[in-house]
Amino acid sequence: MLIFMNWIIIISVHELAVTERILEIALKYARAADAVRVTDVNIVVGRLSGIVDESVQFYWDLLSRDTLCRGSQLHFKRVAAQMQCLDCQHTYLLEDELTPCPQCNSVRLKTLAGEEFYLDSIEIENSAAQ
Amino acid sequence: MPNQKVPIVEKIMDANDQVAESNLQRVRQNGVFAINVMASPGAGKTSLILQTIRQLEDGVRIGVIEGDTAPVTIDADKILTTGRPVVQINTGGACHLDAVMVNRGLSELPLDEIDLLIIENVGNLVCPAGFKLGVHANVVIASTPEGDDKPYKYPNIYRGIDVLIINKIDLLPHLKFDMDQFRRGVEMLNPRLLTFPLSCETGEGVDAWTGWLKEQIASNKERVT
Numbered sequence: 087m088l089i090f091m092n093w094i095i096i097i098s099v100h101e102l103a104v105t106e107r108i109l110e111i112a113l114k115y116a117r118a119a120d121a122v123r124v125t126d127v128n129i130v131v132g133r134l135s136g137i138v139d140e141s142v143q144f145y146w147d148l149l150s151r152d153t154l155c156r157g158s159q160l161h162f163k164r165v166a167a168q169m170q171c172l173d174c175q176h177t178y179l180l181e182d183e184l185t186p187c188p189q190c191n192s193v194r195l196k197t198l199a200g201e202e203f204y205l206d207s208i209e210i211e212n213s214a215a216q
Numbered sequence: 003m004p005n006q007k008v009p010i011v012e013k014i015m016d017a018n019d020q021v022a023e024s025n026l027q028r029v030r031q032n033g034v035f036a037i038n039v040m041a042s043p044g045a046g047k048t049s050l051i052l053q054t055i056r057q058l059e060d061g062v063r064i065g066v067i068e069g070d071t072a073p074v075t076i077d078a079d080k081i082l083t084t085g086r087p088v089v090q091i092n093t094g095g096a097c098h099l100d101a102v103m104v105n106r107g108l109s110e111l112p113l114d115e116i117d118l119l120i121i122e123n124v125g126n127l128v129c130p131a132g133f134k135l136g137v138h139a140n141v142v143i144a145s146t147p148e149g150d151d152k153p154y155k156y157p158n159i160y161r162g163i164d165v166l167i168i169n170k171i172d173l174l175p176h177l178k179f180d181m182d183q184f185r186r187g188v189e190m191l192n193p194r195l196l197t198f199p200l201s202c203e204t205g206e207g208v209d210a211w212t213g214w215l216k217e218q219i220a221s222n223k224e225r226v227t
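Note that the protein sequences, when read in sequence, are chains V and R.
Just so we're aligned, residue 87 is where the first sequence starts under the numbering used here, counting upward by one.
Just so we're aligned, residue 3 is where the second sequence starts under the numbering used here, counting upward by one.
Derived by calculation from the structure, the hints in this document are not laboratory data.
Every value quoted in this text rests on a predicted model; they were computed, and no experiment measured them.
It is possible that part of the hints are untrue.
To be verified - Below are the DSBU-like pairs computed for lysine-lysine, each with C-alpha atoms no more than 30 Å apart in a straight line:
{"id": "1", "chain 1": "R", "residue 1": "LYS152", "chain 2": "R", "residue 2": "LYS13"}
{"id": "2", "chain 1": "R", "residue 1": "LYS80", "chain 2": "V", "residue 2": "LYS114"}
{"id": "3", "chain 1": "R", "residue 1": "LYS13", "chain 2": "R", "residue 2": "LYS155"}
{"id": "4", "chain 1": "V", "residue 1": "LYS196", "chain 2": "R", "residue 2": "LYS152"}
{"id": "5", "chain 1": "V", "residue 1": "LYS114", "chain 2": "V", "residue 2": "LYS163"}
{"id": "6", "chain 1": "R", "residue 1": "LYS178", "chain 2": "R", "residue 2": "LYS216"}
{"id": "7", "chain 1": "R", "residue 1": "LYS155", "chain 2": "V", "residue 2": "LYS163"}
{"id": "8", "chain 1": "R", "residue 1": "LYS216", "chain 2": "R", "residue 2": "LYS80"}
{"id": "9", "chain 1": "R", "residue 1": "LYS13", "chain 2": "V", "residue 2": "LYS163"}
{"id": "10", "chain 1": "R", "residue 1": "LYS152", "chain 2": "R", "residue 2": "LYS80"}
{"id": "11", "chain 1": "R", "residue 1": "LYS13", "chain 2": "V", "residue 2": "LYS196"}
{"id": "12", "chain 1": "R", "residue 1": "LYS152", "chain 2": "V", "residue 2": "LYS163"}
{"id": "13", "chain 1": "V", "residue 1": "LYS196", "chain 2": "V", "residue 2": "LYS163"}
{"id": "14", "chain 1": "V", "residue 1": "LYS163", "chain 2": "R", "residue 2": "LYS7"}
{"id": "15", "chain 1": "R", "residue 1": "LYS178", "chain 2": "R", "residue 2": "LYS155"}
{"id": "16", "chain 1": "R", "residue 1": "LYS155", "chain 2": "V", "residue 2": "LYS196"}
{"id": "17", "chain 1": "V", "residue 1": "LYS114", "chain 2": "R", "residue 2": "LYS178"}
{"id": "18", "chain 1": "R", "residue 1": "LYS80", "chain 2": "R", "residue 2": "LYS223"}
With the rest of the complex left out, here is chain V (with noise of 0.2 Å):
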């Protein structure tokens, strides 16, 4: 019988990752804005998705050295998690914790909010605005 043992070498780390992604984005529609320089990148970040920490402006600031984004900040909106209770239709927002419906103590969840992640915007010096 034919083994196979192949070895596949991949660098990346997880916000790094991720940080590269959004400058892809970013540079695609500031380059489609004709965008001089891009001041501001405003991120929603639902508190569900788990994804983003400080890291990842630091990761910026390394890999936009070179772009339209050098210098930019980056702006992250969180958003909280809301959960919706099945049985009682009750609404309510998730703190640090699991926790089931304060009103009926069910279990039944739908979230509503918490998931995003996205980028939201940029805020560019646009040329033909000179």
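Following the hints, put chain R in place on chain V, whose structure we already have.
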């Protein structure tokens, strides 16, 4: 110079998700049923794979993709001893597999000779949740010594998965593991999640899991032919 706001609203994981989708197409076309196994280190990912291979010895051709953060082949070597095709993906320190890594892994496997592809993700309860790989079923293994609080502490990994395995149930008499408390947490995150309590050590409960796998493999083949 006046500032201009450019609206975007693009999901940051879209690129990964698209590669994941093409991975899924690829395994589908080859009639392969693919699963992504996630768990913390030591929960029993490799043990479960070995038990699964043992129990499905007759007739099910299994391939394995092993994700590891370091170039150690301990897990892959164990699979190799079973004679099954295995690809090791070394993530170079990264905490998860992503769709591109799996895409490259698929190219190294004889997909037309595989019925069941098991992807062992990197041992981690946080990062793998964010990266779709392109599989039929996402599986999480929770083991009883980790404690009954894991769904409360790591909610994201339990969301959107298809199967939960509770491993090391043979240790329950020695642990303060409140099964109701654990399952209540899971229920809040993923209602009516298909769950298999089992022990890879004693083999108890493994047949229910492999029985489910056999059904999935069979109906997956039907869809292809």
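Which earlier hints can't be squared with this structure?
When the structure is compared with the hints, numbers 2, 6, 17 turn out to be violated.
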